[in-house]
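Asker: Chain by chain, the residues run as shown.
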Amino acid sequence: MPSILEELPRFFNYYNSIFLAKAFLYTLVLSFVGCGVGFLAGFVLAILRTRRINRWAGLRWLATLWVEVWRRIPFLVKLMVVFFAFQFAGGNVSMFTVAATTIALSASAFSAENIRAGIESVHPNQWDAAETMNMGGLTALRRVILPQAWSVIIPPSMTYSVGLVKSTSIASQIGVLEMTSVAKILNQKGFSAALCFGSILLMYFVICYSLNRLAAYMEVRLALPRNR
Amino acid sequence: MNYTLQFGQVTPYLWYLAGGAWIALQLAVVAFIIGWAIGLVCASITEYGPKPARIAVRSYVVFVLNTPLLVQIFFIYFALPDYGILLDSYDAVLIGLALNAGAYMSEIQRAGFRSIRREEIEAAETLGFTRVQSIRYVVVPHILKVLYPPLSNQFIIITMSTSIAAIFGVEELTGRAYNINSITFRSLEVFSISAVYYIVLTIVASTILYTVGRYFFRIKGSVF
Numbered sequence: 000m001p002s003i004l005e006e007l008p009r010f011f012n013y014y015n016s017i018f019l020a021k022a023f024l025y026t027l028v029l030s031f032v033g034c035g036v037g038f039l040a041g042f043v044l045a046i047l048r049t050r051r052i053n054r055w056a057g058l059r060w061l062a063t064l065w066v067e068v069w070r071r072i073p074f075l076v077k078l079m080v081v082f083f084a085f086q087f088a089g090g091n092v093s094m095f096t097v098a099a100t101t102i103a104l105s106a107s108a109f110s111a112e113n114i115r116a117g118i119e120s121v122h123p124n125q126w127d128a129a130e131t132m133n134m135g136g137l138t139a140l141r142r143v144i145l146p147q148a149w150s151v152i153i154p155p156s157m158t159y160s161v162g163l164v165k166s167t168s169i170a171s172q173i174g175v176l177e178m179t180s181v182a183k184i185l186n187q188k189g190f191s192a193a194l195c196f197g198s199i200l201l202m203y204f205v206i207c208y209s210l211n212r213l214a215a216y217m218e219v220r221l222a223l224p225r226n227r
Numbered sequence: 000m001n002y003t004l005q006f007g008q009v010t011p012y013l014w015y016l017a018g019g020a021w022i023a024l025q026l027a028v029v030a031f032i033i034g035w036a037i038g039l040v041c042a043s044i045t046e047y048g049p050k051p052a053r054i055a056v057r058s059y060v061v062f063v064l065n066t067p068l069l070v071q072i073f074f075i076y077f078a079l080p081d082y083g084i085l086l087d088s089y090d091a092v093l094i095g096l097a098l099n100a101g102a103y104m105s106e107i108q109r110a111g112f113r114s115i116r117r118e119e120i121e122a123a124e125t126l127g128f129t130r131v132q133s134i135r136y137v138v139v140p141h142i143l144k145v146l147y148p149p150l151s152n153q154f155i156i157i158t159m160s161t162s163i164a165a166i167f168g169v170e171e172l173t174g175r176a177y178n179i180n181s182i183t184f185r186s187l188e189v190f191s192i193s194a195v196y197y198i199v200l201t202i203v204a205s206t207i208l209y210t211v212g213r214y215f216f217r218i219k220g221s222v223f
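So the sequences go chain by chain: Y and X.
Sequence positions in the first sequence follow numbering that gives the first Met the number 0 and run 0 to 227.
Sequence positions in the second sequence follow numbering that gives the first Met the number 0 and run 0 to 223.
Don't read these hints as lab results, they were simulated from the structure.
In this text, a Cβ means the ideal position worked out from N, Cα and C, and glycines have one as well.
Honestly, I wouldn't trust all of these hints.
[Stated by the list, open to error] Pairs of lysine to any residue, SDA-like flavour, derived with a Cα cap of 20 Å: (1) Y:K183 - X:R213; (2) Y:K183 - X:L86; (3) X:K144 - X:F77; (4) Y:K183 - X:G127.
[Unchecked claim] Computed beta-carbon distance windows for the label pairs: (5) Y:G174 - X:I54: 35 to 41 Å; (6) Y:E130 - X:Y47: 50 to 56 Å; (7) Y:R142 - X:T125: 48 to 54 Å; (8) Y:L24 - X:S114: 21 to 27 Å; (9) X:F128 - Y:L27: 52 to 58 Å.
[Unchecked claim] Covered stretches of chain X (in silico footprint by chain Y; criterion: 3 or more residues with CB under 8 Å from a CB of chain Y, positions within the stretch not fixed): (10) 158–166; (11) 183–196.
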């Protein structure tokens, strides 16, 4: 323990601090972009799976298949598949794109499930009522169903996003400079492993804990009056 | 685009990969059992323990839940040797998986404990049950029924997390996929096949767990 305390000032020198801060931002941006794109994709998938809007069963099954497939592949394997699939397609893309795509694929699968659960939580009579008011499927979704569904969609989606922030650590395997790979680099430079990995554990904790608290707050805040 | 898919080069290794899936499953089962025990102890302490122990257990659970499994195993594997704890990669991964699963299962089982209501035990007492009988015939069946679905879900999550072991050189499914990749260089083929293995593995596990839950705990629901 004393050796770590002696090493502290040397570890948190100017360059290492900048390096770690950049990695912190990188992790945040990577998670944010991945989750954002994934959430939008999940939204489209959830709409495709809603019987009231998409009446073509084939497309519904395809959306279900997509969700089931990406939900059941571990992040590391998914990352490798995406990495080599980009190579196969011949695109010369950055590692950030590969990592963000992998996160977006995972996010699309889980948010499709969450959004579907949210849409299904609204009583089916609401759809009938909207139809009586001469609303089309999408209009009913936007004006009637979604305003009541957000409180079911948002909190679990945020909790799952925390899981994806944690998954970004696996993206260190393809060499994007997020926190875990920075910790590995600093460790190889000779700083003690306890300090390198301990400090990024704390940084991950800061992100994930605050996101989890926010999710818990939103759950209370968004709760419909009847559930309060 | 000058890469043609050649699955033929990977097919000789399909049994080798299946062996990897078996190792991954073993790792998951052991991690699940240890994690379940850790979770049970932690959940009991958080619900019924003295305050200092409760705070210690809560901080372990909250810390583990909010940090990535990969970095936790990195810490166990690379930082602990400085303090005289030398673990080989399999043990480090197993301990990491078990500690991680323990935190999650502590939360699950705590929710299970909370679902018992005082009225149930009082009703059992009214019927003349002894304490042991009311636990055996009222509390345990109830808890099992509440806990079974989230715990089986957790098992699937652990099964997928075992792929992280590959990063530490354990030759389970993903580790063996890495090996085949470095022999054949058919990267996309190898990793998409191992992805299919994971899908099949988790679907088989879900189906078995669902069937067991259906016939032993009368839990309604579906595999997907």
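Asker: Could you run down the list of hints and mark each one as holding or not?
Answerer: Hint check:
{"no.": "1", "hint": "Y:K183 - X:R213", "result": "46 Å, violated"}
{"no.": "2", "hint": "Y:K183 - X:L86", "result": "19 Å, holds"}
{"no.": "3", "hint": "X:K144 - X:F77", "result": "40 Å, violated"}
{"no.": "4", "hint": "Y:K183 - X:G127", "result": "63 Å, violated"}
{"no.": "5", "hint": "Y:G174 - X:I54: 35 to 41 Å", "result": "40 Å, holds"}
{"no.": "6", "hint": "Y:E130 - X:Y47: 50 to 56 Å", "result": "53 Å, holds"}
{"no.": "7", "hint": "Y:R142 - X:T125: 48 to 54 Å", "result": "53 Å, holds"}
{"no.": "8", "hint": "Y:L24 - X:S114: 21 to 27 Å", "result": "42 Å, violated"}
{"no.": "9", "hint": "X:F128 - Y:L27: 52 to 58 Å", "result": "55 Å, holds"}
{"no.": "10", "hint": "158–166", "result": "holds (count 7)"}
{"no.": "11", "hint": "183–196", "result": "holds (count 6)"}
Hints 1, 3, 4, 8 from the list above are not met by this structure, while the remaining hints are.
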